[in-house]
Amino acid sequence: MNSDKLRPLWVALISVLLGLIAGGILMAFTGNNPVEGYIYLFKGGLMSIERIGNTLATATALILTGLSVAFAFRTGLFNIGASGQMLMGGLCATALGLSLNLPKPVLLPIVLLAAIIGGGLWGLIPGLLKARFNVHEVVATIMMNWIAFWTVNYAVPSFFKGEYLETESRNIGVNASLRVEWLTKLFNGSYINLGIFLAILSIIVIAIILNRTVLGFQLKAVGFNKDSAKYAGMNVNRNIVLSMVIAGSLSGLAGATFYLGYASNIQIGVLPSQGFDGIAVALLGANSPYGALATAIFFGILHSGKGFMNAMTSIPPEIGDTIIAIIIYFAATSLLIHKFLDKIKAFIKGARKK
Amino acid sequence: MKKIALVLVLFLSFATVAFASGNKESVSSKMKVGMVTDAGTIDDKSFNQGTWEGILKAGEDFGVTVKYLKPTGTTEADYLKEIGNLYDAGYKFIVTPGFKFETTIYQAQDKYKDAKFVLIDGTPHTPDYATFRAEKNVVSIFFAEHESGFLAGVATALQLKEGSVGFIGGMEIPPVQKFNWGFQQGIAYANSNKGTKVMLKSENVIYQGTFSEVAAGQQLAAQMFDKGVTAIFCAAGGVGVGAINEAKSRAAAGKNVWIVGVDVDQYADGVYEGGKSVILTSAMKKIGTAAYDMIDAELKGNFPGGETLVFNAVNDGVGLPVKNPNLSSDVIKTVDAVFAELKKGSIKVSDEQGNLIK
Chain A
1 MNSDKLRPLW VALISVLLGL IAGGILMAFT GNNPVEGYIY LFKGGLMSIE RIGNTLATAT
61 ALILTGLSVA FAFRTGLFNI GASGQMLMGG LCATALGLSL NLPKPVLLPI VLLAAIIGGG
121 LWGLIPGLLK ARFNVHEVVA TIMMNWIAFW TVNYAVPSFF KGEYLETESR NIGVNASLRV
181 EWLTKLFNGS YINLGIFLAI LSIIVIAIIL NRTVLGFQLK AVGFNKDSAK YAGMNVNRNI
241 VLSMVIAGSL SGLAGATFYL GYASNIQIGV LPSQGFDGIA VALLGANSPY GALATAIFFG
301 ILHSGKGFMN AMTSIPPEIG DTIIAIIIYF AATSLLIHKF LDKIKAFIKG ARKK
Chain B
1 MKKIALVLVL FLSFATVAFA SGNKESVSSK MKVGMVTDAG TIDDKSFNQG TWEGILKAGE
61 DFGVTVKYLK PTGTTEADYL KEIGNLYDAG YKFIVTPGFK FETTIYQAQD KYKDAKFVLI
121 DGTPHTPDYA TFRAEKNVVS IFFAEHESGF LAGVATALQL KEGSVGFIGG MEIPPVQKFN
181 WGFQQGIAYA NSNKGTKVML KSENVIYQGT FSEVAAGQQL AAQMFDKGVT AIFCAAGGVG
241 VGAINEAKSR AAAGKNVWIV GVDVDQYADG VYEGGKSVIL TSAMKKIGTA AYDMIDAELK
301 GNFPGGETLV FNAVNDGVGL PVKNPNLSSD VIKTVDAVFA ELKKGSIKVS DEQGNLIK
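As given, the protein sequences belong to chains A and B, one line each in that order. Heads up: the first sequence at position 334 corresponds to 334 in my numbering, and the numbers run straight through without jumps. Heads up: the second sequence at position 195 corresponds to 195 in my numbering, and the numbers run straight through without jumps.
Since the hints were derived computationally from the structure, they do not count as laboratory data. Mixed in with the good hints there might be a few duds.
Claimed, not checked - Derived lysine-lysine pairs resembling PhoX-like cross-links, with alpha carbons at most 20 Å apart:
hint	chain 1	residue 1	chain 2	residue 2
1	A	Lys161	B	Lys358
2	A	Lys185	B	Lys333
3	B	Lys333	B	Lys343
4	A	Lys185	B	Lys343
Treat the numbers as computed from the prediction; the structure is a model and nothing was measured.
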C-alpha cells in the first residue's frame, strides 16, 4: 500500500470525524442526542430522490468554487476571490440571459461563456497585479470581491430590476435557465440542474490539465518553487496570470450554475458564501480535483440536511449552522493533522530502530 | 464512535428506502405549527420576531408544538427546502412572514396539498406576476402599513413640533414603501392641521437595500443626524438596529436624537444608560396577533383558506404601542383622536406614492 498517496484521504477523513465529534459534543451540550441529530442530518440530505437532487444542486456551486481555489493553490496562489468571481460570472450570465431572446441550445452556451469570461476577468486582474507588481493575491482578490459586490448592487437595480422588486433582477426566462424539465422530473421537482454535469466535466478537464499536460506541469512547478521553475526556463509570470484566469473562470461558471440554475435571478446585497466555503472544500479535498468533488458533495449533504435536523430535533437552526461551521473548521485545520501523523510515523520508526 | 459511523453508513445505504417510512412519528392530536424565517434572524426585533412571538403565544395558550427554521439563503429554492423540511417533520401548519415568500407559497400550495399556509404580507403568484392564485389551504394577510406610518408621522411631528426628520427603509418593497408614504402623509397632516413645522427632505429618505446590514444602518443614521435630522423612522429590520445603536450613543452623549420604531414596539431596544429610550414611538403591525388568530381559527375549524385578510386601523391590526413614555400626554391624546378618525374613515391615508418622496 502506498501510504503517501492515500495520506490526504486519511487526513480528510480524520478531519471530518473530529468535526463530527465536536459537533456532536455541541449537540449533547445543548441537550440533544447527537446520534439522533446526525441521523436526521444525513436523512435530510439523502432520504428521498428529491432531497438527493437538492443536495447535488447545493453541491454544484461548491464543487466549482472548491475546484477554483484548489487549482490556484496548485500554482501557489491563494484565491480568496471565488465569491466575487462567482458574482461577476452570475451578473454577466444573467445580463445576457435577460437581454437576448434566443432558443435554448444557442442561448445556454452564450450565457455560460459570459459567466466564464466574467469570472475569468475577475481572476485576471489580481493575476496581473501579482505577476507585474507582486501585489499579494489575497489582498487583491478580497478587494475584487467587494468591487463585484458593489458592481452588482449598482448594475442590478439600474438595468435589470424586477417589476416590483428593486433588490433582485427579473427572473430569467426558461431558455436561459440551466434547469431542464427531464432532470427536474427525474428528481421529483428538485432544484438539480445541468450545472452538476458542468461541474463534473470541469473536474475531469482540470484533472487532465493538472496531471497530463505540460501546462499543468509548469503550473505545479511554479507552485512548488517559483525560483527553480524560473531557472528551468518557465515563464513564471505568464503561469501566474493563467492560473488565476482559469481559477476565476471556474468560479464564474459556479456563478452561472448558482444564479441560473439553483436560483433564477441575481440578488443584491449578498456575497455568495459558496466562495468562502470553496476554500474549505479545497483544503479538505487536499487541492485535488476529485477530492474537491467528494468534499463538495459532503458539504452539500450537510447544508441541505441541516433544515431537516432542525425540524426533527430541538436543535435550534443557529446551532445547526454552528455544527457545520465546526466541521468546516476542522477541515481547515488539516495541516495540524498532517503534523500529528508525521509525529506518529516518526514515533513508530523510532520504536522500530530500537 | 463506531456506533455512529455504523449508523451513518446504514443510513447512507438505505437512504432511499428510508423515505417510504420516513414520516412515521407518533401522530398526536395536537397541531404542529412551523415557521420559516425571512432574511434576517429570529431576533430581528421586527418581522421574524413579531411573527414568532405570536406563534409562541399560541403554543403556550393552545398547547400546539411550534418550530421555526432559518433558510440558508433568500432564494425560492432555499425557502421551499425549509417548507419541505417542516412538512416532512409533520409541521403542516406553516407561517411564512414576508413578501418574498409569494412565489414559494404559489408552488408549495400545490406541492403540499394537505398543509396549510399563512402568508403574511403577500399573496401567492408566479414569478412573472402573470398568475395570482390562492388555494383553499392558503391565507394571505396584509397590513395597512400606510395607516401605521401615518400615525407615527403625526405623533413624531406633534412631539418634535419643528425640525427635520428622516426615513430609512430596508428593501424597496411595498410594505416598506407604504410605511414611508404613510409617514410622509402623517407629517404633512400635522403640519397643515396641527400647526407643526416639521420638514422631511427628499435627501433624507433612503432605502438601504437590505434588511441585514447593521453597519450600513448605523452609517446612514450618522449621516442624517449630522445633517441636523432629529428623528428617523426606520422600517429596515437589521439596518434599523444599526440606526438605533447610533442614536443610543448620541443620546447618551446628550444629543437630542430619536428613532421611530417599526413592526413591533421597539421601545426596549432603544434603552440606553439611565433607562431612557431613543424610541419615540413605533409604527406597529400586529403581526403576532395575525399569526395567533390564524392558529386559533384553524383549531376552531374555521381557517379562512383562500381568503385575503387585511389588518388595519378598523380591526386594530395596526397602530402605535399602548405605552409611549417618550410622547407627552397631550400628543397621545391628539394621536388617539386621529386614530379614532382613521377608524371612522373620516381621515383617509393613501397607500400609493402619488407625489410623495420615493
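Looking back at the numbered hints, which does the structure fail to meet, lowest number first? 2 and 4
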